[in-house]
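Here is what each chain is made of, one letter per residue.
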Amino acid sequence: MNSFSKIIHYSSKVSFNSYSDVGNNFKIVLDSPILVKLLPLKELNLLNMSVNNGVAVDVRNLVKLFGSSKALDDLSFQVREGEVFGLIGPNGAGKTTALRILATLLLPTRGSVKIFGYDVISQATDVRRIIGYLAEDAGAYRNLSGLEYLSIMARVYFRSKNDALEAVNRAVDISGLGDKIHDKIKTYSKGMKRRLQIARVFMLKPKLAILDEPTAGLDVVHASYIRKLIKDYASKYGITVIMSSHNMFEVEYVCDRVALINKGRIVAEGTPDQLKTFWNASNLEEVFIKVVDIG
Amino acid sequence: MGSLLPLIEKEIKDLLRDPRIYIGLLAPILTMPILGLVISTVMQSSIETISREGIKVAVIDLDRTSTSREFMGFIRSLGLNVSEFPPLEIEDAIKELKGSDTRILIVVPNGFESNITSFRKAQVNVFFIVKSTGLTSIGIFSVVENVLNAYSKALVESFISSKSPEVNPEDVLNPLTTVSYTVVKDRVLKVSPGVLFNQFFMSSGIMVPIVLMLVSTSVAQIAATATAVENEEKTLETLLTLPIGRYSILMGKLIGSAVVAMLGTIIFIVGLIVYFQSIFSLPIVAEEGLTISLELPTASFESYVMLFISLLIAIFFATSLGVIIGALSSDVRISGSLVGFVQIPIMVPMFMVIYGDVRSLPLALQIFIYALPPSYPMLIAQSMFFTELPFEVLLGIPYSAAFTVFLVYLTSKLLVPEKLLSLQHKLLMRRMKGRTMP
Numbered sequence: 001m002n003s004f005s006k007i008i009h010y011s012s013k014v015s016f017n018s019y020s021d022v023g024n025n026f027k028i029v030l031d032s033p034i035l036v037k038l039l040p041l042k043e044l045n046l047l048n049m050s051v052n053n054g055v056a057v058d059v060r061n062l063v064k065l066f067g068s069s070k071a072l073d074d075l076s077f078q079v080r081e082g083e084v085f086g087l088i089g090p091n092g093a094g095k096t097t098a099l100r101i102l103a104t105l106l107l108p109t110r111g112s113v114k115i116f117g118y119d120v121i122s123q124a125t126d127v128r129r130i131i132g133y134l135a136e137d138a139g140a141y142r143n144l145s146g147l148e149y150l151s152i153m154a155r156v157y158f159r160s161k162n163d164a165l166e167a168v169n170r171a172v173d174i175s176g177l178g179d180k181i182h183d184k185i186k187t188y189s190k191g192m193k194r195r196l197q198i199a200r201v202f203m204l205k206p207k208l209a210i211l212d213e214p215t216a217g218l219d220v221v222h223a224s225y226i227r228k229l230i231k232d233y234a235s236k237y238g239i240t241v242i243m244s245s246h247n248m249f250e251v252e253y254v255c256d257r258v259a260l261i262n263k264g265r266i267v268a269e270g271t272p273d274q275l276k277t278f279w280n281a282s283n284l285e286e287v288f289i290k291v292v293d294i295g
Numbered sequence: 001m002g003s004l005l006p007l008i009e010k011e012i013k014d015l016l017r018d019p020r021i022y023i024g025l026l027a028p029i030l031t032m033p034i035l036g037l038v039i040s041t042v043m044q045s046s047i048e049t050i051s052r053e054g055i056k057v058a059v060i061d062l063d064r065t066s067t068s069r070e071f072m073g074f075i076r077s078l079g080l081n082v083s084e085f086p087p088l089e090i091e092d093a094i095k096e097l098k099g100s101d102t103r104i105l106i107v108v109p110n111g112f113e114s115n116i117t118s119f120r121k122a123q124v125n126v127f128f129i130v131k132s133t134g135l136t137s138i139g140i141f142s143v144v145e146n147v148l149n150a151y152s153k154a155l156v157e158s159f160i161s162s163k164s165p166e167v168n169p170e171d172v173l174n175p176l177t178t179v180s181y182t183v184v185k186d187r188v189l190k191v192s193p194g195v196l197f198n199q200f201f202m203s204s205g206i207m208v209p210i211v212l213m214l215v216s217t218s219v220a221q222i223a224a225t226a227t228a229v230e231n232e233e234k235t236l237e238t239l240l241t242l243p244i245g246r247y248s249i250l251m252g253k254l255i256g257s258a259v260v261a262m263l264g265t266i267i268f269i270v271g272l273i274v275y276f277q278s279i280f281s282l283p284i285v286a287e288e289g290l291t292i293s294l295e296l297p298t299a300s301f302e303s304y305v306m307l308f309i310s311l312l313i314a315i316f317f318a319t320s321l322g323v324i325i326g327a328l329s330s331d332v333r334i335s336g337s338l339v340g341f342v343q344i345p346i347m348v349p350m351f352m353v354i355y356g357d358v359r360s361l362p363l364a365l366q367i368f369i370y371a372l373p374p375s376y377p378m379l380i381a382q383s384m385f386f387t388e389l390p391f392e393v394l395l396g397i398p399y400s401a402a403f404t405v406f407l408v409y410l411t412s413k414l415l416v417p418e419k420l421l422s423l424q425h426k427l428l429m430r431r432m433k434g435r436t437m438p
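Chains as they are written, first to last, in this note's numbering: chain A, 1 to 295; chain B, 1 to 438.
Derived from the structure by calculation, the hints contain no laboratory data. Ideal placement from N, C-alpha and C gives every residue a C-beta, glycine not left out. Be aware that one or more of the hints could be misleading.
A few chain B residues that don't get close to chain A, going by computed Cβ distances all over 10 Å [claimed, not checked]: (1) P6; (2) K10; (3) I47; (4) R120; (5) T235; (6) T238; (7) Y304; (8) L394.
Below, a sample of chain B positions facing chain A; criterion: calculated Cβ distance under 10 Å [what the hints assert, rightly or not]: (9) G2; (10) L239; (11) G252; (12) Q343.
Only pairs whose alpha carbons sit at most 16 Å apart, straight line, appear in this in silico EDC-like list of lysine to aspartate or glutamate [unchecked claim]: (13) K184(A) with E170(B); (14) K205(A) with D73(A); (15) K186(A) with E418(B); (16) K186(A) with E170(B); (17) K234(B) with D273(A); (18) K13(B) with D183(A); (19) K234(B) with D183(A).
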């Protein structure tokens, strides 16, 4: 046992606890037979932090019930500032519910969620000032032009006209829609609409962008364009991103770190490389299947 | 206010550019005049056809007396185109007439003359052969009835003249002349209340309820559809994650929809006026209407202001109901099937006011009726030309406005996604359960 052997894990409530080293840079914490967390050593101290101090999103023991069905079951994870974090899992795993709670749309049944230190329940308005949210399959107002839509959203968000104008110029640039930005949104393809929505989120320069399935249903070309937009602008503006996806290859390309979610619980967490190495898999899809099989 | 203006702008632009909305708004201004023109043209041509060709009447004279011949001469003199049939069986005569354009068969039975001369009731049998229920048929039948009544009256006059030549038969037939006056506000009109009420019913009694019903229903529909589209497209979800109050989001939607609805109302009223003008441009009706409307006192400026305010509150009320329906619907189809319920709080007070006296209702029901804003445009329209506005209107408008504000407040409370998503989920589950039930 080396110097990294003792790990205090904040979310552990299961009696089964074990750990092992994988390489020199991170630890694996198994706090149940199906929960695997791969944590870089330098981040271990973050686990016990109660305020943001480098932590953008702090989700602890999150439970969400819809009637008698449990959408989230003791979900815990953290996203670091500037990180692109992916929540991946099958349909009904709880990804959208988790993101909706982060976006202040839904209330947790139990547990806590903090965004840059702000509580999503008691400080929802503060949270809304620092997030940009893209719902899965989000549309826009069909009868407005792309430019009108961006302008209205910017004017709703920013108090200053100049800030709004700057944001719109930024969004036009991000969307890459060119002259089409003057056309009505109902004439846009699905890919163009998604570019507009990504531009709408990033024009606000939010501290946290919450993107629910940003490439779902897009063709290869548009999906690739959107991925590049997310990666580039997150880095350019220093935006922390949490996104969900079905697409494991996409996640591998865009995300710094991912959490695999199944039946409302995180079943594995780490960088794509760490997960592949640990599970001896060639891609994240394989990792996911192996993890779920174990569960 | 900063975030409200762009939200109102968004709402108005999005609604006015939606073909489903603008076609619906423009339809009355196109269809109403066309409808009015068609109806008046048909009525005019029916009248012209009847007056040009005369009404064809077949007569079977079984009495064959001088009196029965005089009868035929009389009805001929009043414009009926009489052709005499041989004394056939009635069934055969009707069969023959079915193939022709004659629609009336009059049978003068045996004993017609003897009954008349011995002051007993005489009888003629009239067969109306119905080929259609159009305006022309109705006109023909009523003309023939009037001609027969005129004959009856002529007979009485001739009896009276023969018995007492010094007496004016008209005085005997109508020994009492009634001159009706109707007192409206400070004016005394030389017109019977029945005529006045008919005229009033055509204007306030029909115009106001039609406008109110269609506008309220369409505004609720517009708001429900717009909100349901926001749900379907998840644009509401996006708005709810912005740092703006739910009240701003709601007010943006309410004001935006109300502005569009007001525009629709103006267009609709213009269409309706053109429609009524086309229909009532027929000579007789127009003349009567003109005489009466000139004599009618005008309503006060205050009552028009109150009518406008009450309409505005009613529109806001209907818009709020529409937003609630739309917010609860996860898609447009669900909102479409639910929006019919909005009719209940709009139609109930309206019919209560039209067909009953609200003051005679139980107190609990009165409190309910007076809380609903659609009651007031009707109450005001009913009284604005005749009396001062009743006190229940003056007190009730602030009461119904407060009720509307409360509804808007409740609606804004509903715009909490947690509640909204749960309610939508429940509603959807209930519908799905309903569909899968054997």
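For each hint, the structure was consulted:
Listed as a non-interface residue, P6(B) fails to keep its Cβ farther than 10 Å from every Cβ of chain A; the least gap is roughly 4 Å. Once the 10 Å rule is applied to beta carbons, K10(B) is inconsistent with being away from chain A; the minimum gap is 5 Å. The beta carbon of I47(B) sits about 48 Å from the closest Cβ of chain A, which is more than 10 Å, so the claim that it is off the interface holds. With a closest Cβ-Cβ approach of about 79 Å to chain A, R120(B) is found to remain outside the 10 Å limit, as its non-interface label requires.
Chain A draws T235(B) into its interface by the beta-carbon criterion, the shortest separation being 6 Å against a cut-off of 10 Å. Its beta-carbon lying about 6 Å from the closest one in chain A, T238(B) breaks the requirement of being farther than 10 Å from that chain. The claim that Y304(B) lies off the interface holds: its Cβ sits roughly 35 Å from the closest Cβ of chain A, which is beyond the 10 Å cut-off. No beta-carbon of chain A is positioned within 10 Å of the beta-carbon of L394(B); the least distance is around 39 Å.
At about 6 Å, the closest approach between the beta carbon of G2(B) and any beta carbon in chain A falls short of 10 Å, and the interface hint on this residue holds. Interface hint status for L239(B): upheld, as the beta-carbon distance to the closest one in chain A is roughly 8 Å, under 10 Å. This hint holds: G252(B) has a C-beta 9 Å from the nearest C-beta of chain A, less than the 10 Å allowed. For Q343(B), the shortest C-beta to C-beta distance to chain A is roughly 27 Å, which exceeds 10 Å, and the interface hint is violated.
A C-alpha spacing of about 77 Å is found between K184(A) and E170(B), which places the hinted pair above 16 Å, so the restraint is violated. This hinted pair does not check out: K205(A) and D73(A) have alpha carbons roughly 32 Å apart, beyond 16 Å. The suggested pairing of K186(A) with E418(B) is violated, with an alpha-carbon distance near 29 Å, which exceeds 16 Å. For the given pair, K186(A) sits about 76 Å from E170(B) by alpha-carbon distance, which is inconsistent with the 16 Å threshold.
The straight-line distance between the Cα atoms of K234(B) and D273(A) is roughly 35 Å, outside the 16 Å bound, and the hint therefore fails. Taking the CA atoms of K13(B) and D183(A), the gap is about 14 Å. The hint holds against a cut of 16 Å. Only pairs whose Cα atoms come within 16 Å are accepted, and K234(B) paired with D183(A) is rejected, the gap being roughly 21 Å.
Checked against the numbered hints given earlier, this structure breaks hints 1, 2, 5, 6, 12, 13, 14, 15, 16, 17, 19; the rest are met.
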